[in-house]
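So the sequences go chain by chain: W and C.
Under our numbering, the first residue of the first sequence carries the number 11, and numbering increases by one thereafter.
Under our numbering, the first residue of the second sequence carries the number 267, and numbering increases by one thereafter.
No lab work stands behind these hints: they were computed from the structure.
A hint or two may mislead.
[What the hints assert, rightly or not] Each computed PhoX-like pair below joins lysine-lysine, with the alpha-carbon atoms no more than 20 Å apart:
no. : chain 1 : residue 1 : chain 2 : residue 2
1   : C       : Lys268    : C       : Lys292
2   : C       : Lys599    : W       : Lys366
3   : C       : Lys542    : C       : Lys608
4   : W       : Lys237    : W       : Lys247
5   : C       : Lys608    : C       : Lys536
6   : C       : Lys395    : W       : Lys392
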Amino acid sequence: MSSTTPSMTAVLPSKKTRLSGHILAIPGAVVALISFFLPWLDYVANGTVFLSLTGREAASSPAITTGSGAELFRATPTAYLVPLLGLVVLALTALAFWRGYVTEWDGFALISLGIVTLIFVWLQFTNAQELADKANTAVQSGYGLIGVYLALLATIIGGSLHVRTATERKPSLRGLLSAWGFMSPGMLLILVFFIIPVIITLVLSLTDLASSNFSEPWHFVGLDNYKRMFSDTFFPKILGNTFRYVILTLGFFNVGLALVLALLTTHISRRAGFIFRILWLLPRITPSVVYIVMWRRFVQVPPHGIINQFIGWFGGEYQPYWLNEAPWLFVVMVNGFVGASFGMIIFSSAIEAIPKDVMTAAKVDGASALQIIRDITLPLLKWPLLFVTTYQTLSLLVSFEYILLLTGGGPGLYTTEVWSLTAYNRALATYFGSNQWGYGAAWMFVLVVIGATLATIYLRVFRFDDLVAEPKIDVL
Amino acid sequence: MKVELENLSKRWGNVYGARGVDLDIKDGEFVVFLGPSGCGKTTTLLMVAGIYKPSEGLIHFDGQVVNTVAPKDRNIGMVFQSYALYPHMDVFHNISYPLKLQKAPKAEMEERTQRVADMMGIGHLMERKPAMLSGGQQQRVALGRALVKEPGLLLFDEPLSNLDARLRLSMRSEIKRLQLELGITSIYVTHDQVEAMTMADRIAVMKDGQLQAFATPEELYDRPRTMFIGGFVGNPPMNFAEVAVSRRNDSFHARREGLDVVVPSDRGEKASASDKGIMGIRPEDVTIADEGVSGEVFVVEPLGRDHLVTVDIAGIYVHVLADPALGLHIGDKVKVNFNTSKVQFFNPETEQSLLWA
Ligand SMILES: Nc1ncnc2c1ncn2[C@@H]1O[C@H](COP(=O)(O)OP(=O)(O)O)[C@@H](O)[C@H]1O
Ligand SMILES: [Mg+2]
Numbered sequence: 011m012s013s014t015t016p017s018m019t020a021v022l023p024s025k026k027t028r029l030s031g032h033i034l035a036i037p038g039a040v041v042a043l044i045s046f047f048l049p050w051l052d053y054v055a056n057g058t059v060f061l062s063l064t065g066r067e068a069a070s071s072p073a074i075t076t077g078s079g080a081e082l083f084r085a086t087p088t089a090y091l092v093p094l095l096g097l098v099v100l101a102l103t104a105l106a107f108w109r110g111y112v113t114e115w116d117g118f119a120l121i122s123l124g125i126v127t128l129i130f131v132w133l134q135f136t137n138a139q140e141l142a143d144k145a146n147t148a149v150q151s152g153y154g155l156i157g158v159y160l161a162l163l164a165t166i167i168g169g170s171l172h173v174r175t176a177t178e179r180k181p182s183l184r185g186l187l188s189a190w191g192f193m194s195p196g197m198l199l200i201l202v203f204f205i206i207p208v209i210i211t212l213v214l215s216l217t218d219l220a221s222s223n224f225s226e227p228w229h230f231v232g233l234d235n236y237k238r239m240f241s242d243t244f245f246p247k248i249l250g251n252t253f254r255y256v257i258l259t260l261g262f263f264n265v266g267l268a269l270v271l272a273l274l275t276t277h278i279s280r281r282a283g284f285i286f287r288i289l290w291l292l293p294r295i296t297p298s299v300v301y302i303v304m305w306r307r308f309v310q311v312p313p314h315g316i317i318n319q320f321i322g323w324f325g326g327e328y329q330p331y332w333l334n335e336a337p338w339l340f341v342v343m344v345n346g347f348v349g350a351s352f353g354m355i356i357f358s359s360a361i362e363a364i365p366k367d368v369m370t371a372a373k374v375d376g377a378s379a380l381q382i383i384r385d386i387t388l389p390l391l392k393w394p395l396l397f398v399t400t401y402q403t404l405s406l407l408v409s410f411e412y413i414l415l416l417t418g419g420g421p422g423l424y425t426t427e428v429w430s431l432t433a434y435n436r437a438l439a440t441y442f443g444s445n446q447w448g449y450g451a452a453w454m455f456v457l458v459v460i461g462a463t464l465a466t467i468y469l470r471v472f473r474f475d476d477l478v479a480e481p482k483i484d485v486l
Numbered sequence: 267m268k269v270e271l272e273n274l275s276k277r278w279g280n281v282y283g284a285r286g287v288d289l290d291i292k293d294g295e296f297v298v299f300l301g302p303s304g305c306g307k308t309t310t311l312l313m314v315a316g317i318y319k320p321s322e323g324l325i326h327f328d329g330q331v332v333n334t335v336a337p338k339d340r341n342i343g344m345v346f347q348s349y350a351l352y353p354h355m356d357v358f359h360n361i362s363y364p365l366k367l368q369k370a371p372k373a374e375m376e377e378r379t380q381r382v383a384d385m386m387g388i389g390h391l392m393e394r395k396p397a398m399l400s401g402g403q404q405q406r407v408a409l410g411r412a413l414v415k416e417p418g419l420l421l422f423d424e425p426l427s428n429l430d431a432r433l434r435l436s437m438r439s440e441i442k443r444l445q446l447e448l449g450i451t452s453i454y455v456t457h458d459q460v461e462a463m464t465m466a467d468r469i470a471v472m473k474d475g476q477l478q479a480f481a482t483p484e485e486l487y488d489r490p491r492t493m494f495i496g497g498f499v500g501n502p503p504m505n506f507a508e509v510a511v512s513r514r515n516d517s518f519h520a521r522r523e524g525l526d527v528v529v530p531s532d533r534g535e536k537a538s539a540s541d542k543g544i545m546g547i548r549p550e551d552v553t554i555a556d557e558g559v560s561g562e563v564f565v566v567e568p569l570g571r572d573h574l575v576t577v578d579i580a581g582i583y584v585h586v587l588a589d590p591a592l593g594l595h596i597g598d599k600v601k602v603n604f605n606t607s608k609v610q611f612f613n614p615e616t617e618q619s620l621l622w623a
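Put together the whole structure using the sequences plus the hints.
Here is the structure:
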């Protein structure tokens, strides 16, 4: 008890206040989501489901089927509904955030939502004329979204106030400025190298940009690319491949083999363990092309290939073309041998960080080496294990270069083609002479959404915030 | 359990952790390994525990050589300075872990764990994780874990060094009482000579990996066999001064510049066999008096009940425990008296005692 300082505990809201914070935040998020998707649902289906909410009745009056955005807005007073509702609820959210009822993750999610919303608002503005012909509701809701966005801005400001109150209690502009000042370089990097590319991808995915029609004006095509993607004959195959690739590589190599290697190299002499780990790092530092060329020498068309030659020396008759016979085996191995080193390094430093006395205590208590691994080492590796699983899931999802170089997605049609490889092939490979940038971007954007969702689930379910909140091993 | 160490050594390359340690520990005895940091106490203890393999020598438990027996089969319990609790287990699972490994029946396991926890006064904390316990509570859990399987031998490696002074005092007496009640043979490592003096049946004094002495606290205090022991055991430490001891008329005199004291003939006679000697005398055996050797007060350090006064006697500094009522100040001219019936003499070269072979 003596180790927790009172000021630390004061910052963290109690379970009860956090819960009430969630209750306050959820309606805001729901409203934001509805106003985010509603116009698009309307737009795509041109249906009648959410008419009253979005001010469709007013929009159907002939006077406003065309005209500037501002005119449209004035003519459809019911379009106030969404922004007003959003504004009220999100202002409440901001208040809750400011009072410290809302956890940082809620705030973060809302802020991200706000940024995405801004893009949509911008889209609506630039295409107001064109879209008005098709579906006025989208335009009007676009204005509605401005309100939502403003509310989110309030949330962000509320959040910064929260930062200030949490750290200093007494308001101070200097503290506020320095907190955001310190965060801004990192935030700028994330903005430039992550958020903006994602936004560009998203915008691209709504267009028909492709090399085949590059000379003509391009168009926004709505969700056509997405429709095309989900109705692709090979979509289920590619989805299954992606799962298979991630799960097998992760399970057997990036986590499984990594753990075995870490345990082995920490149970032999320090020096030998160190050398062994360096050896396992070699695949990672080898240029991809060189690495794959080496692997391809292993599995050449018979009677070539190192494996077949070995079989030949021992008089074996069975000399298949390995890459065709067992493409998945090699896809997983090639990626796994590279991927295992990351987990190995993380796990072995975590194992070495376990106090020696704890290990000695377990031995004296009567534990065998295996019992120590089961009862002491593995439970203490819980956080590194979760971290590596999360991190490697996400990086495997988007990695394709070894597959591209080894099998190119084959043999045959889509045998080892994974999602990111498809995105690459559609957008950048000269398939049938046409680079379909818009279509490829749709594939990529869905992958981004899947990745972000998985990351959020991992963070939530495995409670990474707890990991950051309290030390796992009390330093004496 | 009886423990016997025979010429026990541990070597890494040419670094010796322990060197030719010979010890004979009786059943139920409380033995303290005492020595400054880095002298090989932990190394020796870990060899007894089976964590380190001896480079040389034998370890006997009840007459059986156990050199090749794994730690888990040695029937020992161990307590560490760092507590070494399992951070992911609560108090119950920490204490019951040795029983779980023995595959004890669940009911028995729960009963024994609860009994030990109650004995250690932590029975109400069973669901707490170590991070939610104070240092003292953590050390009680560690003790409970060491005791729960009723081991034949308990090993302690500076278990109280991380506790604050008050807690250290009370835990010290608790461990001592517990050991007396349970009668488990114990080896207790410490660098704190007060802990050693108060707890030990016998103290093994170590220096540079070697055993300096193995004796009762009284014997170490009254009859130190080396200068190192004389200086290390006892607080504040013994004063040393190089003297020449000679017989004049019927009495023996220990002399150096500015100092001439008469020593009892039995001690004087032994000391005079060597033409030079180092005289050792404890601060409590030196008093400020009306008559005696002249000196000047160099510094006065209040200890509460006494003042530790450093007196400059012709260039050597002598620590004296003096009555605060004397009101001494720096620069005061004083006379000091030596209680020579407690005086020690050592050989300046070998640092061995000239009095006790
Ligand atoms: N694993 C080791 N490798 C090399 N030298 C060691 C090792 N363990 C201890 N030593 C050396 O052995 C000596 C005794 O150490 P130790 O038994 O830990 O001392 P103590 O417990 O008395 O403070 C020290 O000089 C220390 O540097
Ligand atoms: Mg030690």
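Hints and how they fare:
no.	hint	in the structure
1	C:Lys268 x C:Lys292	holds, 5 Å
2	C:Lys599 x W:Lys366	violated, 56 Å
3	C:Lys542 x C:Lys608	holds, 19 Å
4	W:Lys237 x W:Lys247	holds, 17 Å
5	C:Lys608 x C:Lys536	holds, 14 Å
6	C:Lys395 x W:Lys392	holds, 16 Å
The structure shown violates just one earlier hint, number 2.
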